[in-house]
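**Student:** Listed below are the residues making up each chain.
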Amino acid sequence: MKIFGIFLDREKNTENGLTIALPTPERVAVPLPKDGTAEVRAGQWVLTGSRLCGGSLPAHASVSGKVEEIKEFDTDDGSFTAVVIKADENQKDAAVRVPRADDRESFINAVRESGCPAAEKISAAADADMLIVNGVESEQYVTSENRCMLDDGKLITAGIALISRLMGIEKTVIAVASDCEEAVDAMEKTAADAPKCEVVKVRPDHPAGADMVLVNNVAGRPIKANETAAEKKVMILLPSEVAFIASYFETGMPFIKRRVTVDGDLVKTPCVVEAPIGTPLKDLFAFADGNLLPAEKLVIGGLMTGRCVTDPELPLGKCDSAALIFMKPLESGGKGSLKVVGGQTNCIRCGRCAKACPAGLMPMRIEKAVKKRKRTELRRLRPDLCIGCGSCTYVCPAKRELKDAVDKAKTILDRKGGDEE
Amino acid sequence: MTDFRPEVAEFKKFSAPFEKEEQSTSKIMTHVVVGLLPSLLLSGIIFGGSALLLTGFCILTAIFWEWLSGMILKRPKSTDDLSAVVTGMVFAFMLPANFPFWKAAVGTFMAIVVFKQLFGGLGKNILNPAAASRLACWFIFRNSFIYPEPVVNSADVQSTGTLSLVSMADSYGDMFIGRVAGGLGEVSVLALLTGAFYLLAMRVISLYEPAAFLGTIFVFSYLTGQDGIYQILAGGTVLAAFFLGGDSVTTPITWKGKLAFGVLAGAITCVLRFYTHVPQAVLIAILVCDLLTPVIDRLTENKPRC
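Going line by line, the protein sequences match chains R and F.
Okay, so the first sequence: first residue is 1 according to UniProt numbering, each after it adds one.
Okay, so the second sequence: first residue is 1 according to UniProt numbering, each after it adds one.
By construction, these hints were calculated from the structure, which means they are not laboratory data.
Treat the hints with caution; some may be incorrect.
[Said to hold, decoys possible] Taking CB as the label site, the calculated pair distances span:
(1) PHE101(F) to GLY388(R): 51 to 59 Å
(2) ASN98(F) to GLY388(R): 55 to 63 Å
(3) GLU10(F) to ASP77(R): 25 to 33 Å
(4) GLY220(R) to LEU291(F): 29 to 37 Å
Here a beta-carbon is modelled for each residue, glycine too, at the ideal position from N, C-alpha and C.
Next comes chain R alone, as it looks inside the complex (with noise of 0.2 Å):
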């Protein structure tokens, strides 16, 4: 059976611009995987594509310049390491070599060198038959995906094409959004010239992008929500990153940039640009024409599923899909005003969560169950198999956070002992 997500208001406002390269900035902060430590001094100088740390997944310069400083970024979602760099006048770039793959261990190795975070999916999915290609993005103002499809038809066959032979993929699926008229055609164009490949249009509404929902109707293998797409054989990539693993056995050059939608109602010429991995947030809103000063809300990501920061100095991750900003609102209510607190009402039991979750879950009961701290009736309900959508918040006609009581009900469930209170 097909899981059914709910419809969101399609607001893209970047699905026909072209992908601008933002200039270089003039200095980046690249992140640094938990697990690496740096290989780089203060003072050193390093060119565009050199390795800064190793661990599990790399980080490369995305410019060339000076290693300014190692710095300790402080956020309230916790802390990580990055490599400061400011740029020079003259980018050069480090002499790379072409990797090599025969076998499906000497691929993986390779896409883990290059810090794409392909790498931990492909090796998660080492044994799959399966691949699909996520093109469906859910989300409200995010398109780089889309722009990806648009613009790097020709990489993404090549991407399939080397990623089905070295790891013995029988089948391809690109899933495209029916909405994205335009992508589906560019998709079909590229499935046409790689090997055992389709395009399936998928209903746009949300979360029809997320892992579980893919498996289920797309590649029609019935899913728990508690098992992984690994587990079912399938990988899932986005097309990002099947065009990235291309260009990188063409040219060598690791993961140093990326696609980002900037957006917002702050943000006066909303656009895709492409992005250094490291960039601080706030260039890429001055590129854009935003105005950060009544700005309130910071999102990196979709609106559903994204995360708020709450400094703009923060560099752009190897995952951050988008950066949106929007204003203080003038007054509650409105649309542009995005979650406005107020409004809140007492659960009116209209049953609107439990039908979009897609998950099959009762948010309703989860919040009732977690004010009481009944810790077996939670455990009946299963919060702990959200796949944090956030479909139940956002067709709440009482304006209950119920995402957030799901979240709280997944810690009380991993502390020990019997019923609070």
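Starting from the known structure of chain R, fit chain F onto it as the hints suggest.
**Tutor:** Chain F only, in chain R's frame:
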């Protein structure tokens, strides 16, 4: 335009999702009020201006009690969510046109204060406030429930001022349009169905509960040799099906639960009507099922995908 916002970025921490649908409790309640308007219009035509006055009085007193109880119980202002308007309107629709105003005010007081606010306010009441208060009124003010003949009536029909359910003598057409004795809003099935169609189109109510309720009554009547269509058209059954059974607060959440609620309520209604002399069968059936709703909810819970 002068903008007084400070020119300093004040980033605040929010949690995902960062946008919500433009749906709200007050919007849902507004839809229900709109769904009740056709019945109000027809009650004005059938019973004259006094029907409109009584409905308006019930709405105003309901809002007043909501405001007053909110003040005394120190609850956040709850008159904005318009649930009191709906309660007042549904309550008025189950009264005869010449019901004394002060008794109507007592009725709305019981609905809003006793059956809603004392349970904890909107969403926490177990019984449907309008239905519970109407039943209580029926026991307290037994003598005031004298149903007048409609102003508009076809001359060839001998309407005696008795309820269709008691006389068993009204024609289908009269009951469908509403030219019979009865409560303000419950007589005209045509108007109720028009409003219900609007609510279904707006996805405010679902068809599960009304269909199960009316279907059960029809099948039960058919099997026991009664006139099923007559049982559905008479006695405010349609009002109960769509507007008391469509009340999300006091009915089950899932579609399975809604079906169970409808079947159970329909069966209780028929048993009370055919085998006992208990009056107000529909109201009692709905209220009994309201009490059973937590149990039905627990039994028909969604199974997580695992």
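**Student:** Looking back at the hints listed earlier, which ones does the structure fail to meet?
**Tutor:** Violated hints: 3, 4; rest satisfied.
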